[in-house]
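Undergrad: Each chain is listed here by its residues.
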Amino acid sequence: MAFEGCPGSRMAHFQDKEAQDDTPAAKVKSQLRQWPVQLHLVSPLAPYYQGADVLLSADCVAYALGDFHTDYLKGKSLAIACPKLDAEQEIYVEKIKSLIEDAKINTLTILIMQVPCCSGLLRLAEVAAQSANRKVPIKYIIVGLQGEILQEAWV
Amino acid sequence: MERYLNKGIKQVIIEFPAVGSILDEYNIGCTLCGVGACLLKDIVEVHNLSPEEERELMGRISKVIYPDRVVEIPVTQRKNGGAGAGEVKYSPPMQGLVDEHTVIKRLLAMIPFIIEDMEVSRGEDRALVLGTVDFIRSYADRYHHAKEEDILFKEFDENLDIIKVFNEDHKIGRGHVKAVIEALETGDNRSIKEHLAGYRELLKGHIKREDEVLYPWMDRNLSTSQIGRLFAGFINVDEQFREVRAKQGAFVKTLEKKYKYEEVK
Ligand SMILES: [Fe+2]
Ligand SMILES: [Fe+2]
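Going line by line, the protein sequences match chains A and B.
Mapping of the first sequence onto our numbering: position 98 corresponds to residue 98, and the numbering continues sequentially without gaps.
Mapping of the second sequence onto our numbering: position 233 corresponds to residue 1233, and the numbering continues sequentially without gaps.
Hints were generated in silico from the structure; no laboratory data involved.
Mixed in with the good hints there might be a few duds.
Claimed, not checked - To spell it out: a stretch of chain A is covered by chain B in this simulated footprint if at least three of its residues, at any positions, have a beta carbon under 8 Å from a beta carbon of chain B; those stretches are:
# : region
1 : 106-115
2 : 127-137
Unchecked claim - No more than 25 Å apart at the CA atoms, straight line, and that leaves these computed lysine-lysine pairs for DSS-like:
#  : chain 1 : residue 1 : chain 2 : residue 2
3  : B       : 1154      : A       : 139
4  : B       : 1247      : B       : 1257
5  : A       : 135       : B       : 1089
6  : A       : 104       : B       : 1154
7  : A       : 139       : B       : 1089
8  : B       : 1154      : A       : 74
9  : B       : 1208      : B       : 1178
10 : B       : 1154      : A       : 135
Claimed, not checked - Here are the computed distance ranges between Cβ atoms for each label pair:
#  : chain 1 : residue 1 : chain 2 : residue 2 : range
11 : B       : 1154      : A       : 126       : 24 to 34 Å
12 : A       : 31        : B       : 1182      : 54 to 64 Å
13 : A       : 152       : B       : 1158      : 23 to 33 Å
14 : A       : 126       : B       : 1063      : 48 to 58 Å
15 : A       : 88        : B       : 1074      : 50 to 60 Å
16 : B       : 1001      : A       : 8         : 47 to 57 Å
17 : A       : 63        : B       : 1018      : 53 to 63 Å
18 : A       : 48        : B       : 1146      : 27 to 37 Å
19 : B       : 1146      : A       : 8         : 47 to 57 Å
Nothing here was measured: the structure is a model prediction, and the numbers come from that model.
Cβ coordinates follow ideal geometry from the N, Cα and C atoms, glycine included.
So that you can see chain A by itself, here it is in the shape it has in the complex (with noise of 0.2 Å):
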């Protein structure tokens, strides 16, 4: 097989998927309950995740996943990261684990993409879960690229 580079940025059209016109019967409300929502932004000391089920979710999540408000950021609070091209992740790996020790966090989703990439930000969540002093039950979610659920499992 020739190369054809790096899987996470190579292209795909999906050309059978014609507009959806699956509209929902009402308009879907907004699940999101803060801001900001990037992961450099937040502070792990804000209210809104203390004892929170917190989704950290891959920046491309949300725009793959049709029912990402409804089905996976309702109840939770969020935070969002991009485990390829984000700077200073170290301070990612801190935030995390502050999360967990300091906001004594309930739960901890993490939401990826397929793309092989995708899964730096899970293994950020495990090195912060490992160094933290509490432990939480982490559990990740694999999306393909049309929105379909690949795999769900419990860390």
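Dock chain B with the ligands against chain A, hints included.
TA: Only chain B with the ligands this time, still in chain A's reference frame:
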């Protein structure tokens, strides 16, 4: 068929014993269950059959109940797809309970050795029985069963038949232990043996059904937030029972050494 779908499974099996054998073939141990109050229609969801298995199973059951006509069987509505039974991967709090089962099963495996040629007037035999009772009371009951009853089951509607069944087993188990203690006082060897063996049989089945049916079903129905709450609650109890866990873990090891029994992996 609707009428039977809403009937307790034990009732259905009494009326149609062949249904019991069919369920056994699918490893659904309703014939062994002491309570059997689950409704026939719930069996499919509780045991997480795949849609193909469900169609086949319900088709066969309806043939037993109505041998001479074709019956329309409603498909069970399930929350989480019905992936079919595969290898079970538990959530972190459930995995903790399954690990505790492993310790309890190791103790259960020692009971036949303990009661063989047991004579409670002998100090050593008496101490072994007392140690076993202490394990059951402190580790299996006050630690593990209390985690289930006071924390886990509270996340569900306790009037659900499936919860009642497992609570009932815990009660029967306590009855066996009480009987062992009474028999120790009167020096009744036969009764001690009978009730320790009875406890072992009961718990073996109970643990198997929790590992294979109850916990996976619960995991499918618990929200992420509930899993977090259970996890935190269990860690709390683990802290409180740190000494009990160490002491009883060591007791099981001592027994395994004494009877040269290889650890259950
Ligand atoms: Fe139990
Ligand atoms: Fe149990």
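Undergrad: Now look at each hint and say whether the structure bears it out.
TA: Status of each hint after checking the structure:
1. Only residues whose C-beta sits within less than 8 Å of a C-beta in chain B count toward coverage, and the region 106-115 of chain A has 3 of them, enough to reach three; the restraint holds.
2. Coverage of the region 127-137 of chain A by chain B holds in this model, with 3 residues showing a Cβ closer than 8 Å to a Cβ of that chain against a need of three.
3. Between residue 1154 (chain B) and residue 139 (chain A) the CA atoms are separated by roughly 23 Å; this keeps the pair inside 25 Å, and the hint holds.
4. The hinted pair formed by residue 1247 (chain B) and residue 1257 (chain B) meets the criterion: a straight-line CA distance of about 15 Å does not exceed 25 Å.
5. Distance restraint check for residue 135 (chain A) and residue 1089 (chain B): the Cα-Cα separation of roughly 19 Å lies within the 25 Å cut-off, and the hinted pair is therefore satisfied.
6. Of the supplied pair hints, the one linking residue 104 (chain A) and residue 1154 (chain B) holds, its CA atoms being roughly 23 Å apart against a limit of 25 Å.
7. For a cut-off of 25 Å, the pair hint linking residue 139 (chain A) to residue 1089 (chain B) stands: about 12 Å separates their Cα positions.
8. Between residue 1154 (chain B) and residue 74 (chain A) the CA atoms are separated by roughly 24 Å; this keeps the pair inside 25 Å, and the hint holds.
9. Between residue 1208 (chain B) and residue 1178 (chain B) the CA atoms are separated by roughly 24 Å; this keeps the pair inside 25 Å, and the hint holds.
10. Between residue 1154 (chain B) and residue 135 (chain A) the CA atoms are separated by roughly 22 Å; this keeps the pair inside 25 Å, and the hint holds.
11. About 31 Å separates the C-beta atoms of residue 1154 (chain B) and residue 126 (chain A), a value consistent with the hinted range of 24 to 34 Å.
12. For the pair residue 31 (chain A) and residue 1182 (chain B), the supplied restraint of 54 to 64 Å holds, since their beta-carbon distance comes to about 58 Å.
13. At roughly 28 Å, the beta carbons of residue 152 (chain A) and residue 1158 (chain B) sit within the given window of 23 to 33 Å.
14. Distance hint for residue 126 (chain A) and residue 1063 (chain B): a CB-CB separation of about 51 Å, consistent with the stated range 48 to 58 Å.
15. In this structure, residue 88 (chain A) and residue 1074 (chain B) meet the distance hint of 50 to 60 Å, their C-beta atoms being roughly 57 Å apart.
16. Roughly 52 Å separates the CB atoms of residue 1001 (chain B) and residue 8 (chain A), a value that falls within the hinted 47 to 57 Å.
17. Range check, residue 63 (chain A) to residue 1018 (chain B): Cβ separation about 55 Å, and the 53 to 63 Å hint holds.
18. Take residue 48 (chain A) and residue 1146 (chain B): their Cβ atoms lie about 34 Å apart, and the range 27 to 37 Å holds.
19. The given range of 47 to 57 Å is respected by residue 1146 (chain B) and residue 8 (chain A), whose C-beta atoms sit roughly 49 Å from each other.
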